[in-house]
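K.L.:
Kindly generate the complete structure, drawing on both the sequences and the hints.
Number of protein chains: 2
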Amino acid sequence: MLSRRSPSSRVEPQSKTVGERRMKCVSCREEYGAHDAGTCKECYEEASETEEELKQEIDDLKAKVAFLRFDNHHHKPSFTDVVLVASDDSSTSVPVSVPAHKAVLMSRSPVFKAMLETEMEGSRSGTIKISGMSYDALRAFVNYLYTAEAGLDEQTAYDIFVLAEKYQVKHLKAYCEKFLVSKLNWDNSVRSYAFAQQHNAKLVLDAALSMITDDMVKLTKREEYVELVEKDPRLVVKIYEAYLAKQFNTAAHMDSSSKSVG
Amino acid sequence: MLSRRSPSSRVEPQSKTVGERRMKCVSCREEYGAHDAGTCKECYEEASETEEELKQEIDDLKAKVAFLRFDNHHHKPSFTDVVLVASDDSSTSVPVSVPAHKAVLMSRSPVFKAMLETEMEGSRSGTIKISGMSYDALRAFVNYLYTAEAGLDEQTAYDIFVLAEKYQVKHLKAYCEKFLVSKLNWDNSVRSYAFAQQHNAKLVLDAALSMITDDMVKLTKREEYVELVEKDPRLVVKIYEAYLAKQFNTAAHMDSSSKSVG
Chain E
0 MLSRRSPSSR VEPQSKTVGE RRMKCVSCRE EYGAHDAGTC KECYEEASET
50 EEELKQEIDD LKAKVAFLRF DNHHHKPSFT DVVLVASDDS STSVPVSVPA
100 HKAVLMSRSP VFKAMLETEM EGSRSGTIKI SGMSYDALRA FVNYLYTAEA
150 GLDEQTAYDI FVLAEKYQVK HLKAYCEKFL VSKLNWDNSV RSYAFAQQHN
200 AKLVLDAALS MITDDMVKLT KREEYVELVE KDPRLVVKIY EAYLAKQFNT
250 AAHMDSSSKS VG
Chain G
0 MLSRRSPSSR VEPQSKTVGE RRMKCVSCRE EYGAHDAGTC KECYEEASET
50 EEELKQEIDD LKAKVAFLRF DNHHHKPSFT DVVLVASDDS STSVPVSVPA
100 HKAVLMSRSP VFKAMLETEM EGSRSGTIKI SGMSYDALRA FVNYLYTAEA
150 GLDEQTAYDI FVLAEKYQVK HLKAYCEKFL VSKLNWDNSV RSYAFAQQHN
200 AKLVLDAALS MITDDMVKLT KREEYVELVE KDPRLVVKIY EAYLAKQFNT
250 AAHMDSSSKS VG
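Taken in order, these protein sequences are the chains called E and G.
The opening position of the first sequence corresponds to residue 0 in numbering that gives the first Met the number 0, with each subsequent residue numbered one higher.
The opening position of the second sequence corresponds to residue 0 in numbering that gives the first Met the number 0, with each subsequent residue numbered one higher.
Treat the hints with care, since some could be wrong.
Which copy? The list can't say, so a pair holds if one copy fits it or any two copies do.
With a Cα cut of at most 25 Å, we get these calculated SDA-like pairs of lysine to any residue [said to hold, decoys possible]:
hint: 1; residue 1: K237; residue 2: T212
hint: 2; residue 1: K61; residue 2: K165
hint: 3; residue 1: K165; residue 2: V180
hint: 4; residue 1: K54; residue 2: E41
hint: 5; residue 1: K182; residue 2: Q55
hint: 6; residue 1: K165; residue 2: E153
hint: 7; residue 1: K220; residue 2: H34
hint: 8; residue 1: K230; residue 2: A193
hint: 9; residue 1: K169; residue 2: V97
hint: 10; residue 1: K75; residue 2: P98
hint: 11; residue 1: K165; residue 2: R68
hint: 12; residue 1: K177; residue 2: S47
hint: 13; residue 1: K75; residue 2: A113
hint: 14; residue 1: K169; residue 2: D70
hint: 15; residue 1: K112; residue 2: R68
hint: 16; residue 1: K177; residue 2: L60
hint: 17; residue 1: K128; residue 2: P98
hint: 18; residue 1: K230; residue 2: G131
hint: 19; residue 1: K201; residue 2: E52
hint: 20; residue 1: K112; residue 2: T49
hint: 21; residue 1: K165; residue 2: S47
hint: 22; residue 1: K201; residue 2: A65
hint: 23; residue 1: K165; residue 2: G150
hint: 24; residue 1: K169; residue 2: Q55
hint: 25; residue 1: K177; residue 2: T49
hint: 26; residue 1: K169; residue 2: Q196
hint: 27; residue 1: K177; residue 2: V110
hint: 28; residue 1: K61; residue 2: T49
No lab work stands behind these hints: they were computed from the structure.
Note that the structure is predicted; figures quoted are calculated from it, not measured.
P.N.:
Below is the structure:
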């Protein structure tokens with residue numbers, strides 16, 4: 000069935016034509032006049048059927064995902080034949096390892112595939128070293144390869160995006176980008192922007208730039224801005240270029256609107 | 000957007016009330032009167048949004064399935080650590096083997112999981128023998144475990160269902176059942192029924208019984224019927240019981256209908 004609004008959400012029409020025939024909406028069950036008419040009955044029925052079919056397809060796909068996912072891997076990996084070793088750059092930390100299956104790594108990442116196929120011909124090393132990465136990030140990364148799911152926080156999303164980019168796991172890149180865009184706010188916008196530029200995260204880049212250029216007045220007072228000017232001034236230039244382009248676009252749009260009005 | 004019918008599919012109303020205000024359906028763009036009214040505009044817009052959201056969810060899930068699937072396995076399995084050996088019962092056939100990964104088998108089937116976990120503790124045999132099964136069926140079965148897809152014909156669907164039942168691969172059982180129901184016809188209905196009884200395929204059983212009991216007159220003249228009476232008369236008894244139950248239900252329904260009319 001189509002979704003039904005609660006009757007109270009209905010806005011009553013301002014004026015009723017006297018004698019106009021009122022109809023009852025088959026979805027929300029409220030009365031409406033001809034000026035508020037939506038679909039005919041036949042189209043409503045077809046749309047309801049379509050919705051049912053789409054929901055059925057969603058259920059089928061969810062079952063497929065559940066079937067293809069390795070649920071148990073995280074807790075109790077069996078018959079693993081490779082170990083991923085994380086070592087972040089701090090010299091104090093002890094390298095830690097995440098066991099995995101070569102077949103899974105190859106299926107999910109063309110980089111692992113090439114790496115392991117080459118290895119097949121030569122020596123059969125059972126270790127893949129991944130430097131500059133925390134254990135938590137690596138574990139979340141490997142877990143995603145098995146389950147297509149990850150419990151992300153912002154830092155993990157940044158870290159995993161870097162891994163996903165390095166190993167060309169497109170699906171995970173998109174997943175992280177969506178998450179980072181959803182977490183975007185004024186406070187993290189400059190950091191997100193700098194990250195997105197560095198790692199070619201197009202969705203995050205557009206969203207962060209749009210947020211920053213919406214409020215340029217405050218920009219120059221921000222600590223992160225001062226840091227970025229120091230560290231990578233070209234990225235700051237690109238912010239100004241985007242701002243300028245936005246201003247021109249807005250101006251051009253207003254100009255053409257006023258012309259069409261005149 | 001909601002699906003649109005072609006204008007020609009529209010049935011013109013038999014009589015038009017003179018002076019009644021006609022409305023245009025926002026979906027099919029045809030005119031209709033108050034008696035053919037479907038939704039109000041607000042509900043139409045909400046339904047369109049819902050449909051867009053459902054379609055987006057379907058796209059996301061499809062991408063997830065594509066990510067979790069092992070596409071390359073069929074052509075070029077790498078780093079396999081177990082071999083499934085099929086041998087059908089004909090003594091002339093040479094046993095053939097399908098390579099696989101223990102981790103995948105364990106993830107998809109609780110039976111393989113128990114089998115391989117027990118094995119882990121003891122000897123590490125690399126072979127699982129599956130008797131009474133053709134190579135094609137076994138290959139299709141293993142392929143499904145990697146991809147959640149199978150190119151089925153009727154015989155393969157029967158064979159794979161048996162494997163799916165034996166190894167408790169629920170998702171594949173459901174897949175085969177849907178396929179077999181879609182292929183059900185008068186000619187294969189008795190065979191399907193007997194198979195469904197033997198292997199507890201509820202969907203196929205109901206569909207086949209319904210088809211058989213719809214045309215009982217021809218039943219006794221069928222070769223498969225005669226064979227079934229010979230081979231497993233209890234299954235034939237169940238057909239008659241189902242027929243009887245159907246007759247009583249229909250009679251009871253007609254009786255209550257006529258009472259409510261009277």
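K.L.:
Decide, hint by hint, whether the structure agrees.
P.N.:
Hint check:
1. K237 - T212: Classified as within; 11 Å inside a copy, 75 Å across copies.
2. K61 - K165: For K61 and K165, only the inter-copy Cα distance (24 Å) is at most 25 Å; the intra-copy one is 29 Å.
3. K165 - V180: The answer is within: 20 Å in one copy meets 25 Å, while 46 Å across copies does not.
4. K54 - E41: So K54 and E41 pass the 25 Å test inside a copy (20 Å) and across (22 Å) alike.
5. K182 - Q55: Answer is between: at 20 Å across copies they meet the 25 Å cutoff, but 31 Å inside does not.
6. K165 - E153: within (19 Å within a copy, 45 Å between copies)
7. K220 - H34: neither (52 Å within a copy, 64 Å between copies)
8. K230 - A193: within (10 Å within a copy, 76 Å between copies)
9. K169 - V97: For K169 and V97, the Cα distance is within 25 Å only inside one copy (21 Å; across copies 30 Å).
10. K75 - P98: Both: 10 Å inside a chain and 23 Å across chains, each within 25 Å.
11. K165 - R68: Both ways: K165 and R68 sit 23 Å apart in one copy and 21 Å across, limit 25 Å.
12. K177 - S47: Result: close only across copies, 23 Å inter versus 30 Å intra.
13. K75 - A113: between (27 Å within a copy, 14 Å between copies)
14. K169 - D70: both (21 Å within a copy, 15 Å between copies)
15. K112 - R68: both (20 Å within a copy, 15 Å between copies)
16. K177 - L60: both (21 Å within a copy, 15 Å between copies)
17. K128 - P98: within (12 Å within a copy, 28 Å between copies)
18. K230 - G131: Only inside one copy: K230 and G131 sit 20 Å apart there, 70 Å across copies, limit 25 Å.
19. K201 - E52: between (34 Å within a copy, 23 Å between copies)
20. K112 - T49: neither (41 Å within a copy, 40 Å between copies)
21. K165 - S47: neither (45 Å within a copy, 39 Å between copies)
22. K201 - A65: Classified as between; 22 Å across copies, 30 Å inside a copy.
23. K165 - G150: For K165 and G150, only the intra-copy Cα distance (20 Å) is at most 25 Å; the inter-copy one is 35 Å.
24. K169 - Q55: Answer is between: at 18 Å across copies they meet the 25 Å cutoff, but 27 Å inside does not.
25. K177 - T49: Answer is between; shortest inter-copy Cα gap is 20 Å, intra-copy 28 Å.
26. K169 - Q196: Intra 17 Å, inter 46 Å, cutoff 25 Å: intra-copy only.
27. K177 - V110: So K177 and V110 pass the 25 Å test inside one copy only (23 Å; across, 38 Å).
28. K61 - T49: both (18 Å within a copy, 18 Å between copies)
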